[in-house]
Each structure stands twice: as structure tokens, then as C-alpha cells.
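Put the two chains together into one complex, using the hints given.
Chain residues, written in single-letter form:
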Amino acid sequence: MLEVKNFACKYDSKCILKNINLKVNKGDLVGIIGPNGSGKTTFLRAVTRVLKPEEGTIFLEGKNIWKMGIKELAQKIAVVPQNLNSGAMSVQEFVLLGRIPHFKKFQFLETKQDFEIARKCMALTDTLRLKDNILEEISGGERQLTLIARSLAQEPRLLLLDEPTAHLDITHQVLILDLIKRLNRELELTVIIVLHDLNLASEYCRRLVLINEGRIHASGSPEEVLDYRIIEEVYKTVVVIEKNPISSKPYVLIVSEEEKNKEGKNRKGIKM
Amino acid sequence: MNKKLIHWSLIIVACSLTLLAISIFSLIIGPASIPLKKIGFYILKGRGTPEYSIIFDIRLPRLLLGLAVGGSLSLAGVILQGMFRNPLVEPYTLGISGGAAIGVCLNMVCNLHLTYGILTLPVSGFLGAGFVILLIYFLSLRKGVVKIQGLLLTGVMISFISSSFIMLMMAVSHTENLQGIVFWIMGSLEEPNWLLIKLALWLSVGGLIASYFFCFDLNAFSLGEEEALHLGINIERTKKLLFILASLLAGFSVSVTGIIGFVGLVVPHFMRMIVGGDHRILLISSFLAGASFLIFCDTIAKIIIAPMELPVGVITGIIGGILFIYALTKKKVVI
Numbered sequence: 001m002l003e004v005k006n007f008a009c010k011y012d013s014k015c016i017l018k019n020i021n022l023k024v025n026k027g028d029l030v031g032i033i034g035p036n037g038s039g040k041t042t043f044l045r046a047v048t049r050v051l052k053p054e055e056g057t058i059f060l061e062g063k064n065i066w067k068m069g070i071k072e073l074a075q076k077i078a079v080v081p082q083n084l085n086s087g088a089m090s091v092q093e094f095v096l097l098g099r100i101p102h103f104k105k106f107q108f109l110e111t112k113q114d115f116e117i118a119r120k121c122m123a124l125t126d127t128l129r130l131k132d133n134i135l136e137e138i139s140g141g142e143r144q145l146t147l148i149a150r151s152l153a154q155e156p157r158l159l160l161l162d163e164p165t166a167h168l169d170i171t172h173q174v175l176i177l178d179l180i181k182r183l184n185r186e187l188e189l190t191v192i193i194v195l196h197d198l199n200l201a202s203e204y205c206r207r208l209v210l211i212n213e214g215r216i217h218a219s220g221s222p223e224e225v226l227d228y229r230i231i232e233e234v235y236k237t238v239v240v241i242e243k244n245p246i247s248s249k250p251y252v253l254i255v256s257e258e259e260k261n262k263e264g265k266n267r268k269g270i271k272m
Numbered sequence: 001m002n003k004k005l006i007h008w009s010l011i012i013v014a015c016s017l018t019l020l021a022i023s024i025f026s027l028i029i030g031p032a033s034i035p036l037k038k039i040g041f042y043i044l045k046g047r048g049t050p051e052y053s054i055i056f057d058i059r060l061p062r063l064l065l066g067l068a069v070g071g072s073l074s075l076a077g078v079i080l081q082g083m084f085r086n087p088l089v090e091p092y093t094l095g096i097s098g099g100a101a102i103g104v105c106l107n108m109v110c111n112l113h114l115t116y117g118i119l120t121l122p123v124s125g126f127l128g129a130g131f132v133i134l135l136i137y138f139l140s141l142r143k144g145v146v147k148i149q150g151l152l153l154t155g156v157m158i159s160f161i162s163s164s165f166i167m168l169m170m171a172v173s174h175t176e177n178l179q180g181i182v183f184w185i186m187g188s189l190e191e192p193n194w195l196l197i198k199l200a201l202w203l204s205v206g207g208l209i210a211s212y213f214f215c216f217d218l219n220a221f222s223l224g225e226e227e228a229l230h231l232g233i234n235i236e237r238t239k240k241l242l243f244i245l246a247s248l249l250a251g252f253s254v255s256v257t258g259i260i261g262f263v264g265l266v267v268p269h270f271m272r273m274i275v276g277g278d279h280r281i282l283l284i285s286s287f288l289a290g291a292s293f294l295i296f297c298d299t300i301a302k303i304i305i306a307p308m309e310l311p312v313g314v315i316t317g318i319i320g321g322i323l324f325i326y327a328l329t330k331k332k333v334v335i
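Protein sequence lines, in the order shown, are assigned to chains U and S. At position 31 of the first sequence (counting the first as 1) the number is 31 in my numbering, and the numbers step up by one without a gap. At position 54 of the second sequence (counting the first as 1) the number is 54 in my numbering, and the numbers step up by one without a gap.
In short, the hints are calculated from the structure, not lab data. The C-beta atom is built at its ideal place from N, Cα and C for all residues, glycine as well. Heads up, a few of these hints could be off.
Stated by the list, open to error - Okay, derived cross-link-like pairs now, DSS-like style, lysine-lysine, Cα gap no bigger than 25 angstroms in a straight line:
{"id": "1", "chain 1": "U", "residue 1": "Lys23", "chain 2": "U", "residue 2": "Lys5"}
{"id": "2", "chain 1": "U", "residue 1": "Lys112", "chain 2": "S", "residue 2": "Lys4"}
{"id": "3", "chain 1": "S", "residue 1": "Lys240", "chain 2": "U", "residue 2": "Lys120"}
{"id": "4", "chain 1": "U", "residue 1": "Lys105", "chain 2": "S", "residue 2": "Lys240"}
{"id": "5", "chain 1": "S", "residue 1": "Lys4", "chain 2": "U", "residue 2": "Lys105"}
{"id": "6", "chain 1": "U", "residue 1": "Lys181", "chain 2": "U", "residue 2": "Lys236"}
{"id": "7", "chain 1": "U", "residue 1": "Lys5", "chain 2": "U", "residue 2": "Lys76"}
{"id": "8", "chain 1": "U", "residue 1": "Lys67", "chain 2": "U", "residue 2": "Lys10"}
Stated by the list, open to error - Footprint (simulated), chain S over chain U, 3 or more residues, beta carbon under 8 angstroms:
{"id": "9", "segment": "39-51"}
{"id": "10", "segment": "74-83"}
{"id": "11", "segment": "101-113"}
Said to hold, decoys possible - Just some of the chain S residues that point at chain U, by a computed CB distance under 7 angstroms:
{"id": "12", "residue": "Phe216"}
{"id": "13", "residue": "Ala220"}
{"id": "14", "residue": "Gly224"}
{"id": "15", "residue": "His230"}
{"id": "16", "residue": "Leu231"}
{"id": "17", "residue": "Gly232"}
{"id": "18", "residue": "Asn234"}
{"id": "19", "residue": "Glu236"}
{"id": "20", "residue": "Gly277"}
So that you can see chain S by itself, here it is in the shape it has in the complex (with noise of 0.2 angstroms):
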């Protein structure tokens, strides 16, 4: 039992310590490059200097949204896919991604965000997320029984259906509303609003606590569900529960931050690969790497082709589907 612990720390340790070198890397580098030894002095000296206005105003809060967006859409990811016991479910196939982008450009085609405020904006992302959410659930958990297979075509198909709708709304709007479509739809990690921020870091940390109720449960799912019901798990109640909880994480994400496709997929898959499928670890892990990876792909959008910026959902979507391509030819997938 002692064994287990030591070696669950040691892998939590090891992710902790990726993400604050990786947070560490991605608050120095930037258009204005801020030195390592550096930092610290400018912490102390408090407000005033341009750097701590970098620092704190602008680089701060898309580290927290990365770590609170990329942690998020990984632990959706992994809830997923152990409760369908399908590698491939994430929120981006499930066309939950494709729901929130109608809800955002319907909102900025109807020029809501102009008149109500930006805040209509992941309200919209969210409604929609929540409605292709709702549509899927009851496809899919109709008496009881999940056909995965239909699921994930339905997800497929949403998100082709709502990718057609989102290109004729382009085609009929004004010029003005397009950038702000596309930017929103290849996704971006810059949120000026401090409240959506903070409510994100709430959301995943709780979701994360939340989780962890469950981590037997999804223990068991993976032996399929009759198994589970065997073992003692109310197997309704917590697949209800636990898609209300992944749709929320997923939901919200993508409601602040646009389409960043990947993470939820290629992350809880190489966690899988290196700490095995035991949930109690599993969790925190992805939660931690999907967080560095999401950091890591922001950090880069923002000096590759310095000093324009590249969408991070580009990124995830390149840098994923390659690692994801690649871990498919080196291993068998299981789950």
C-alpha cells in the first residue's frame, strides 16, 4: 500500500513541478522577454513598472485561464472516455465544442455582445454547449443503454452540422463580426475579464474535488457497466452525474476561451500510457498535464511568429493529432 503512495506522489510531484516550470517559462517569454533572476525583484517592487503590468496584467491571467482551461477540458476528457470506455470521447468529438461556437457566433452575428455586454458571449458558448449537451444525453441514454458507437457518430455529426452552420453565418454577416468569429473559433487563451478567470479556476479546482467521488466508480466502469453494477456502483446515478459534471468543465471552457480541440483526447491518453489506468491517479495527473500542455501550446502561439500571435487551438489541434497519431503506431490503445 506503501509502494502505491510513494509512487502516486512521486508522479504528482513530477506533474506539479512540469507545470510551474512550464507557468515559469511561459511568464518570461513574450514579445517583451523578462530575464529569470529578474522576476523576482520585479514582483517585490510592486506597481509601476512596465514589466509588472506585463507580468500581472496581461501574462497572469492567461497562465491561470490556461491551467484552469487545459486541466478542465483533460479531466472532462478522462471522465469521458472511463465512463464510455472509449478512447476517443472527448468533448471535442462529442460535438460539445461545435454547440457552444453556434451559441457564440449566433450571439455575435445578433450583435447581443454589443448591446448586453461581453459577458453574453460564454453565456451564449455555454447555452449552446449545454443544448448539444442535452441532445446527445437523451440519444444516447435512451433506457438506459449507451451505444457508444452512435454517440460518437452523433458527436461527429454535430459538430460537422454546427461547423455548416457557423460558415453560413459567416457568409451573412458583416466584415466587422467575421475576425471575431474566427478568432473566437480557433480558440485564444487572452480573457480580459478577471470574473470569467476566476469563476474557470473555481470551476476545474471544484471540478477536480468533485471527481474524486468518483474515482471507484470509474475504477469499475472500465470492467464495463453490468461489471460495475456488480460491484455496487448505482450505475444511473453516476452516469448522469458524472456527464453533468463533464459537460460543466467542457461547457465552460469553451465558452471562454473558443474551440481548443485535443487536450481533453491527447493528454488523459498519455497519462493513461504512463501512470496505468487507475483512476485515483489518473485524475489529478491529467488535470496537472493537461494544464501544462495548454500553457505550453499558449506560450508557444505567442512567439512563433512574434509579434503576431497564433490561435492556441491551432497549436493543440497540430502538436495533438501528431502525438496522438504517433502513440497510436507505437501502442495499442486501451483504456
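Extracted from the complex, chain U is given alone in its bound form (with noise of 0.2 angstroms):
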């Protein structure tokens, strides 16, 4: 599906990505975890060609996504950003702008088809009952859901979230990445989320692959990737990961100062 080569790319004369290889497979959910500043945003922005590469090629289904048209890769990626910085619209006018990669030349209004799909997008994400609200009036929750249900408006093949959990309490978190790995499983789309939170991104994702400084430091299951000794490593704090006793996924702890200074030398609550 996406295939990243030997990628590297600059912003303002600074490497913010090195030596990216990465390949993303049909119907996967990839998490992207990584300390702040890490390049875990840049590398979604390469991906829909806002960056351009130093050097280096992504692939999407085989060709070069820099030799497509802007058009086409829009009807095919379909990004989620971190908020919503518009706000005097209705939801369903919001959802239709998904539509516009689709609109044929010189078509000027919406067809029934578009109304269609972004009637049963808003329904996928249950924001069908705020149709006709103002975007502002509706809360952070609801936003998000929102901005999912524009991405699904495209009919992307390839999905890429920027932090969708971020700024949620508990059950919209839940409630989104549930939505997420819904999309995945039923609709076979292939996503790439970006987390700050490693504990959901263990639940949730397939394979994780850690940034580190613009290069990729581990990839692989959860389990592989959420090691103590690569955490500890990349996020310099001592941690300890645990096992979710119902989904038995990896679960990172944090240990306070005061905590480790207890502890002393000997760390053997530490465990894989």
C-alpha cells in the first residue's frame, strides 16, 4: 500500500527525517509513537506531499506520489489534523468538503451520491444527530468525530490521524480509536495514527514503529517495540511496562522521582 525509501527530508536547512524505510501493507493499522519533536508529524506531512524529500521516494500502490496529481493522491489519502481551525459551518457542510477531490470539472453543486456518502460518514461516526450544528458550538469530542467523518468523505484508501486522541478525556478516546479500528476491520482501510500515548497505541495498533530523533529507532509488534530498555532509552525516563491483564498487550508505567529514588540501585520491579 505505502511504501517509504530511503527518505529523508529538511525544513529550513535542519534533517528533520533521515533514512526512513518503511512499508505499510493493505488493511494494516500502524501507530507512530516518538517523543516530542521526533518528526512523527513531519513524516505524515511527507506523506501528503507537503514537505518535499532531500532524497528519497513514497510509494503509494506502486507509483511515486510526487509523479501523481494532487487530486488523485486526495482521493486516495485522506488526513485527519490535530484540530479543526474553522468554525462557521455546519457539520454536514463540513463533511461535504470532503467531497471536493471527487467533484468532476465544471460540477458546481453536490450530487445525490455526495450527499449520500457523507450522510452515511456522518452516520459511521454518530454525528449524523449534529448535522445541522455550528461547528463551534459542538464540543472537543464531537470535533474530532466530525473531522473523521470529512476524512471518510474522500473514500480514502489510506488513513492518517494526527494525534485524534489528544485533549480527550477517557471515554473519547476510547470512543474514537474504537471508531478507528472499526473503520479498519470493516472497511479494510488502511491506517496510520500518530500517538503521544504509548498505552494506546499498544491497544489499539497492529505494529507500532518508534521516531526517535528523525529516524526510526524500533518497529514492530507492540510487544516487540514497548521494551523497557527501548523506552527507557528513547524517552530517557525510567519506566515499567506491565501486561493489561484482559487484552494481555504491554502497558507502560511511569515511576515517579520520589519513587525511583526508593527503589535505589535495584530496579527489580522491572519487568518485560
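Written out as C-alpha cells, the structure reads:
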């Protein structure tokens, strides 16, 4: 589906990403994790052609993305941004904007099909009841759902999400990630999701890619990547990795300075 | 879908009717008032009566120029505001008007219009506007990143610099040039040259049609540039083309009529509050409303201190500014 080969890019003549090699298969659900400023969001921006590559190539379904039309790319990749910066339109109008890449030349009005797709996407994300509300008036969680609905209206094959759960309470975190998992499973949508929260990433993603200082530090299943040695090295903080008793996925526990001092040199609490 | 279309048609019909009513109002009102009932009679009677020549030689050209310039200025305002996602951007605040003013003043001071004909006035205004546009363009689109605060400040500074230059020129120019400069700066729809009026009309209608090729791009721009790119918009190309289009509309208008401020700021703002942010309806309705607004202001300028006449730029400035402050206190500015 997506193949990144030897990719490097610069931003203000500073190297941000270096030597990135990554392959994402169709139907995969990949989580991208890493410390602040490590280049996670930059990676997403590179895939959507916002940033030009310094070297290397990105292939989408075997085609170089820089050799595709911008419109063609927008029909295949949809992005859910971190937050929404537009207020004065209704939820339905906003979701319909997602149909823009599919408009024919000289098409002036949305067709019945466009409305049908928008309705379906709103129903999927449980935002249909908000259809006539103004974006400014709905809550943060609902806005995030609306953003997802708009991306789905693009009918993409690859969905990119940039920290969709930031600033949300656990109800909405779970709601949104459950939704994404469902979309991934039922619509066979390939998903790449940038997440800050290691535990959410571990719980929901099939595969994790850990980016540190612009390079891929580790990648693999959550069990492989969320090793305490790797996490301590990258995040420069002491952690304990446990297992979630229900899903048996790895779970990262942090250790405060006070506790660290109590434990002293002897860190027997750390398990894999 | 049909509901939307009906709603939009109603808006367009309402705007057109307003424009029509204001046009008729401006044809019959003036120092020599012509009764509404008789207007058809005079038109049918043809050449020969003084009323006929008042309508066709004095008031109609003014009306048409008002339509073209009012439409162009507010269209340019909608485009620039949509592109930069800022409700304060318009030809006047970007300094485009100031640039045109310098061009025209230079022309007047050097007496070029006496040597090479009156048509050099709009040409030099257009050159001045073009210079400012290029300056702003290169200052703001460097590296493809538009820094909007910087852009607005640059525009305001250019306006200041150009008004200082104009004062300098006024200080050194002869008295016979002075009145011409002052009157031009204040903006007036009086233009004896039919060719220029026709050009302005064609340009404004052409600009309206051209802007419709970008209505979805402008809608996508309202989400921000990066998001527009994600929706498949070629943002660099679109920005360039829109910038050229808006500059053409504004530059030509300013060079024909002088500085008429606030039309491009106030009209789009109000239309956005009334019809919403969808550019498919916003473009045409702003065009019609801008034309109505300018013709209305011009009619007031004609009669308020009759038989003297005020420059229309003064009226648009006062009405526009007050309306804008009122709107700001009533409702948050959103785009």
C-alpha cells in the first residue's frame, strides 16, 4: 500500500527525517510513536506532499506520490488533523467539503451521491444527529468525530491521523480509537495513526513504529517495540512495562522521581 | 440539494432586485430630478431632450462604472480574504490603493496627462498598483509561506509611505494640479471616457466568471492551506492565480476611480454574515451587493450637499467604517 524508501527531508535546512524505510500493507493499522519533536507529524506531512523529500521516494500503491496529481492523491489519502480551525459552518457542510477531490470538472453542486456518502460517513461516526449544528457549538470530542467523518467522505484507501485523541477524556479517547479500529476492520481501511499515548498505541495498533530524532528507532508488534530498554533509551525516563490483564498487551507505567529514589539501584520491579 | 439551490437563487434574486432598485434611484435622483413615471417616456423619446442626455450621458456612465468598480472591489475583497483567511485583508488595507495613488500623482505632477492624453492616468495608476502588488507578492509568498500578520503590516506601512509621498508631491506641485490630485485621492465615479467604463465593466464581469473556477478552492482554503492541499487543491498555483485576479480587479478599479476604501472590506463581511461562508454564493452575492453599495453611496454623494458634490470615497469611508465597527461589536468576526 505505502512504501517509504530511503526517505529524508529537511525543514529550514535542518534535517528532520533521515533514512526512513517503511512498508505499510493494505489493511494494516500502524501506530507512530516517539517523543515530542521526533518527527512524527513531519512524517505524515511528507506522505501528503506538504514537505518535499530531500532524498528517497514514497510510493502509494506502487506509484511515486510526487508523480501523481494532487487531486488523485487526495482521492486516496485522507488526513485527520490535530484540530479544526474553522468555525462558521454546519457539520454537514463541513463533511461535504471532503467530497471536493471527487468533484468533476465544472461540477458546481454536490450530487445526490455526495449527500448520500456524507450522510453515511456521519452515521458511521455518530455525528448525523449534529448535522445542522454549527462547528463552534459542538464539543471537542464531537469535533474530532466530525473531522473523521470528513476524511471518510473523501473515500480514501489510506487514512492518516495526527494525534486524534489529544486533549480528550478517556471516554472519547476510547470512542475514537474503537471507531478507527472498526473502520480498519470493516472497511479494510489502511490506517496510520500518530499517537502520544504509548498505552493507547499498544492497545489499538497492530504494529508500532517508534521514531526518535528523525530516524526509525524500532518497529514491530507492540510487544517488540514497547520493551523497557527501548523506551527508557528513547524517552530518557524510567518505566515499568506490565501486561494489561484483559488484552495482555504491554502497558507502560511511569516511575516518579520519589519512587525511583526509594528503589535505589535495585530495580527488580521491572519486568518485560 | 434542491433546497440549497432554491435558497441561493432567492439570495441572488434579492440582491439583483436591490441593485435594480438602487440603479433606478440613482438615475432619477440628482440636481435635476427626473420623475420615475416619466423615465420610460424620455428614454423612448430618444435624443433631443435635456433629460435624455442627463440620463444617458451623465448618470448612466456613472451608474455603470459604479457597478463595475463596486463589484470588482468587493470581489477582490472576498478573494483576498478567503485566500488569506483574514477578514481585514482588502485592496485598501494591502496598500494596493496607495500604490495606484502614487502612480497617478506622479503623472499629474509631471504633467504627463496633459502631454500624452488623459488615458495615461489610469495606466500610471495601474502601474503603481502593479508595483505594490509585486512587492507584496514577493514579500509574502517567499518560500511559499504566507505570514499574514507580516503581510497586513507591510500593507499598512505601504499605505503610510505612499500617503507621505503624495503629501510631498502635493507640497511641491502647482496649485492647478493640487485640486486634481486631491479629488482623485478621494475617489470619484465621474469618468468621461466610455472606453474605460466599458473596460471596467468587462473586467469585472470577467473577473466574476473567472472567480467561479476557484469557488471550491476558496472553500477548501477556509480550512487552512495544508488542509486544502489534503483536499486535492494545488495551493501554490491557486494562490498565484487568485492573487493576480484580485490585483487586476483592484488595480484597474483604483486607477479609474481613485481611492474608494472599505467597499472590499465591508461588503464581503456583511455578505458572509448573511449568506454564509460558501464561496459558491458568496462571490456572486458580494459582487451584486458591492455594486449596489457603491451606486448608493455615489447617489448620496451627489445629493447630500447639492449643488456641490462630495467625493464618493468619503461616503464609503464613513458609512463603511461605521457599519464595520457596528458589526464588530455585534458579532465575532469569523471567516
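_Of all the hints numbered above, which does this structure not satisfy? Sort the numbers upward._
Failing hints, ascending: 3, 6 and 19.
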